[in-house]
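J.: Listed below, chain by chain, are the residues.
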Amino acid sequence: MKKLVSLFLVLAMMVSICAFASADGAVEITFWHAMGGVNGEAITKMIEDFNAAYEGKIKVNYEYQGSYDDAFAKIQAAGINSIPCDIMQVYDIGTRFMIDSGWVKPMQEFIDAEGFDASVIEPNIAAYYTVDGTLYSMPFNSSTPILYYNKTAFEKAGLDPEAPPKNFDEIYEMAKKIAESGAAKYGFGMGNYGWFFEQWTGKMGKNYVNNNNGRGADYATAVEFDSNGAGHDILSVWNKFVGDEATAVAPYLNQGNDDAKQAFINGDIAITLESTAALKTLLTNVGDSFEIGVGYFPNINADDVGGVSVGGGSLWAFKTGDEAREAATWEFVKFMTNPENQAFWNAQTGYFPVNVKAQETETFKENVAKYPQFQVALDQLHDSAPQYAGGLLSVFSQARALVQTYTERLVHHEIADVDECVSQLAAEINEAIEMYNLTNY
Amino acid sequence: MVKNTKRPRPMKIKKTPYEIIEPYLFLLPALAVFAVFLYYPFGRTIYLSTWVTDALGRPKKFVGLDNYTIRLFGKDAFWTSLVSTLEFVGVVALGGLIIGMITSLLTYNRYKGSDFCAAVYAMPVAIASAAASMAFRMIYHPTGGLLNNLFGTQINFLGGVYQFWSVAAVTIWLQSGINFIFISAGLKGVPTELYESCSIDGANYWQKLFHITLPSISPTLFFQIIINIINAFQSFSQVKLLTNESPNSSTNLIVYAIWHDAFRAQRFETAAARSVILFLIILVITLIQFSFEKRSVNY
Chain U
1 MKKLVSLFLV
11 LAMMVSICAF
21 ASADGAVEIT
31 FWHAMGGVNG
41 EAITKMIEDF
51 NAAYEGKIKV
61 NYEYQGSYDD
71 AFAKIQAAGI
81 NSIPCDIMQV
91 YDIGTRFMID
101 SGWVKPMQEF
111 IDAEGFDASV
121 IEPNIAAYYT
131 VDGTLYSMPF
141 NSSTPILYYN
151 KTAFEKAGLD
161 PEAPPKNFDE
171 IYEMAKKIAE
181 SGAAKYGFGM
191 GNYGWFFEQW
201 TGKMGKNYVN
211 NNNGRGADYA
221 TAVEFDSNGA
231 GHDILSVWNK
241 FVGDEATAVA
251 PYLNQGNDDA
261 KQAFINGDIA
271 ITLESTAALK
281 TLLTNVGDSF
291 EIGVGYFPNI
301 NADDVGGVSV
311 GGGSLWAFKT
321 GDEAREAATW
331 EFVKFMTNPE
341 NQAFWNAQTG
351 YFPVNVKAQE
361 TETFKENVAK
371 YPQFQVALDQ
381 LHDSAPQYAG
391 GLLSVFSQAR
401 ALVQTYTERL
411 VHHEIADVDE
421 CVSQLAAEIN
431 EAIEMYNLTN
441 Y
Chain D
1001 MVKNTKRPRP
1011 MKIKKTPYEI
1021 IEPYLFLLPA
1031 LAVFAVFLYY
1041 PFGRTIYLST
1051 WVTDALGRPK
1061 KFVGLDNYTI
1071 RLFGKDAFWT
1081 SLVSTLEFVG
1091 VVALGGLIIG
1101 MITSLLTYNR
1111 YKGSDFCAAV
1121 YAMPVAIASA
1131 AASMAFRMIY
1141 HPTGGLLNNL
1151 FGTQINFLGG
1161 VYQFWSVAAV
1171 TIWLQSGINF
1181 IFISAGLKGV
1191 PTELYESCSI
1201 DGANYWQKLF
1211 HITLPSISPT
1221 LFFQIIINII
1231 NAFQSFSQVK
1241 LLTNESPNSS
1251 TNLIVYAIWH
1261 DAFRAQRFET
1271 AAARSVILFL
1281 IILVITLIQF
1291 SFEKRSVNY
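Residue numbers (the working numbering), protein chains in the order written: chain U, 1 to 441; chain D, 1001 to 1299.
Check before you lean on any hint, since a few could be wrong.
[Unchecked claim] In silico lysine-lysine, BS3-like type, Cα no more than 30 Å apart, as pairs:
id : chain 1 : residue 1 : chain 2 : residue 2
1  : U       : Lys74     : D       : Lys1075
2  : U       : Lys240    : D       : Lys1240
3  : U       : Lys156    : U       : Lys176
4  : D       : Lys1060   : D       : Lys1075
5  : U       : Lys185    : D       : Lys1240
6  : D       : Lys1061   : U       : Lys319
7  : D       : Lys1061   : U       : Lys74
8  : U       : Lys370    : U       : Lys45
9  : U       : Lys74     : D       : Lys1240
10 : U       : Lys45     : U       : Lys74
11 : U       : Lys105    : D       : Lys1060
12 : U       : Lys74     : D       : Lys1060
13 : U       : Lys319    : D       : Lys1060
Simulated from the structure, these hints should not be mistaken for lab results.
Full structure from sequences and hints, please.
T.: Dropping the structure here:
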């Protein structure tokens, strides 16, 4: 039996060795990504372009690994034994885990070794992925939440189609008018999406977790949104008018973004919140049925002073110990984030061009001339200071799920009191953080 | 004359060592597969459920039964999840059976279009639960969904109290196909003489149904209930997709909770503990079913 097993292992090793040494002597690297739909087509095109440009030298094998969550779960499961790829796209909230894992070769090392001019990376985006002065991963597909509104419905309701609401008081007033005038079934609708909670906390200029929002030398040990009032203010908004069937201002549109996006495309809601990455999808799906306007992500309170932070994903290079493959990975990273490719990526998806020089390309200029909505997203990012880069937390995906669960309980009156809801939520996230820190550090 | 009735005792044949191990050699391939894919994971699950793990699922600290007593039994959420699962299994097992029963009775007699109806009733068998769930997401959509447009309502079928019933309805529909096929086959096996003699005695439709049909197909019904219960316990893709990976407490079924603990929250120890509890529940249900079968099913 043992002999059989070892024979099998030897065979498996030989097969995998063969897989890496391709016929024409090109270095092969494997890239895991998490882009489906319209965005998936765009990323495939860019990778194919890279393979054509580097033919005979580098070949990138790309594998779509499902959603961000799925891809992340897969790397965690695989990473115990061996890392299955050279480079991978990971979502923003996986950052802390990736740093802690020790599997990663920080981008800073490539940058320093080559003397690469890192100032071309959009500073507000780089800020998110920089911890203790080290840029860990290369921003690739970065987005912020923005407000989308139906200009046609605004006109019908007698509202100024060029003046999107800036905070929730305004949203409430406008949504009421739209619903009453019959311009849309409802005025406003947003998905119950934990990312918004994080963004609003940043927009108030407050921290989500302690220890400098998890960005200091010490990792976060507890949430802070319960004591600094952010949780109270955000959940009060939900409690106030979402899902309140009597006013028909805003229906409850379930967790995640899908239902809200669909409702907006159908014209059932006139104002919604979504990622900038949905811009191209919305433009394509809405087509000529109405005109889409874009505004800044709304403030919870009229006098909030903070800013939005980036979400989306970045490219993480793994330590493979193979210099040729690591060098090939770096070439690939540079290619994917060069000005021309980032302009293409921006136009095809709505993600930001992470390379500031992308804005000088013809591709970018043509696209913005055709769809000025792309510019608003960029302006919003530039209007936010890098200090509101957003928190880092090991158990962020779990925390996000809990935020959504508790928001839903509040909306459905399973928990009557906002403060009670915030304290229960904080207690559960803190327990998860404590468990993680106990077993991982 | 008394014959010697004593039968000759069989001669004891000495087995060669090869003959002794031979049967085990035949068993070996099956045992090896079971060991790798069943017994080892089973043992490992029990082992993991007594430890706490790091984010990669490696055991870090032995905690005995803490995962059960503190992290599961000590939480209201666990009991809600357990009760919801049992409710869900009950609703789906009975619902699937009743719909399968009704549809197969409707197509028992041949009439114009009965083949078409039979094909429609059997169709859910051929539909993957993932595809069905995505279609039903659209049907249930809170503002633009087919159901809301049809009834002129504005109900969020996938939120609040409706969520449980919406997910259960899709599962029942998916289950009804296999119920229809098996029960139809069972109905065809009931001897027509029974119905004929019944008719002569003056029995009406309902008397025939309750006194002839149901007792005659009780083995089929029993088998179907077992299959329904097992399938209902395994419901996963409907929960994951219909609720967009975020069921509320009434729909947080145990298999979904196991998956979520392990692959979303990276809490492998509670996932393992939940799995052990699920194993015990299914074990008890199986034992009850088989003792029940002996007593009240006519073959």
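J.: For the pair supplied as a hint, lysine 74 of chain U and lysine 1075 of chain D, confirm whether the alpha-carbon distance does not exceed 30 Å.
T.: Cα-Cα ~29 Å, so holds.
J.: Below or equal to 30 Å on CA atoms is what counts here, so check lysine 45 of chain U against lysine 74 of chain U.
T.: Between lysine 45 of chain U and lysine 74 of chain U the Cα gap is close to 24 Å, so the pair holds against 30 Å.
J.: Assess, step by step, whether the Cα of lysine 74 of chain U is no farther than 30 Å from the Cα of lysine 1060 of chain D, and give holds or violated.
T.: With Cα atoms ~21 Å apart, lysine 74 of chain U and lysine 1060 of chain D stay inside 30 Å; holds.
J.: Against the 30 Å threshold, does the CA-CA distance of lysine 185 of chain U and lysine 1240 of chain D hold or violate the hint?
T.: holds, 29 Å
J.: Are the Cα positions of lysine 319 of chain U and lysine 1060 of chain D separated by 30 Å at most?
T.: holds, 25 Å
J.: What's the verdict on lysine 156 of chain U and lysine 176 of chain U, does the C-alpha distance respect the 30 Å limit or exceed it?
T.: Within the cut-off at roughly 13 Å; holds.
J.: Taken at face value, is the distance from the CA of lysine 319 of chain U to the CA of lysine 1061 of chain D at most 30 Å?
T.: holds, 28 Å
J.: For a C-alpha distance cap of 30 Å, please report whether lysine 370 of chain U and lysine 45 of chain U respect it.
T.: holds, 22 Å
J.: Would the hint linking lysine 1060 of chain D and lysine 1075 of chain D be met if the CA-CA limit is 30 Å?
T.: holds, 23 Å
J.: Does the structure keep lysine 240 of chain U and lysine 1240 of chain D at a Cα separation of 30 Å or less?
T.: holds, 29 Å
J.: Starting from lysine 1061 of chain D, check that the Cα of lysine 74 of chain U is at most 30 Å away, please.
T.: holds, 24 Å
J.: If you draw a straight line from the CA of lysine 74 of chain U to the CA of lysine 1240 of chain D, is it 30 Å or shorter?
T.: holds, 17 Å
Hint compliance for this structure: no hint is broken.
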